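Residue numbering for the sequence shown follows the numbering used here, starting at 71 and increasing by one per position.
The hints are simulated quantities; they were obtained by calculation from the structure and are not laboratory data. Zero decoy hints are in this set.
Mimicking EDC-like on lysine to aspartate or glutamate, the simulated pairs with C-alpha atoms at most 20 Å apart in a straight line are:
1. 125 <-> 87
2. 119 <-> 104
3. 125 <-> 115
4. 119 <-> 79
The model shown is predicted, which means the values in this text are computed figures rather than measured ones.
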Amino acid sequence: MIHRTALVDPTAHIAGDVTVGPYAIIGPRVTVGERCHIAAHAVLERNVKLGHSVKVATAACSATTRRT
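Turn these sequences into a full structure, and let the hints steer you where they fit.
Here's what the structure looks like:
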């Protein structure tokens, strides 16, 4: 279930049985595996990949950076 206040980029891939909490943000090209729980106000920025059964805490932030 994705909460109605969560923001999910259209390029993100959300697998089955995933919970996305209120005001969470899932950015471009993020992959969320099955049975994950993304808590309220969590932020997953571009290109983050989560495996199966991962729990992301309230207000946590995860991002990837590109080396130049």
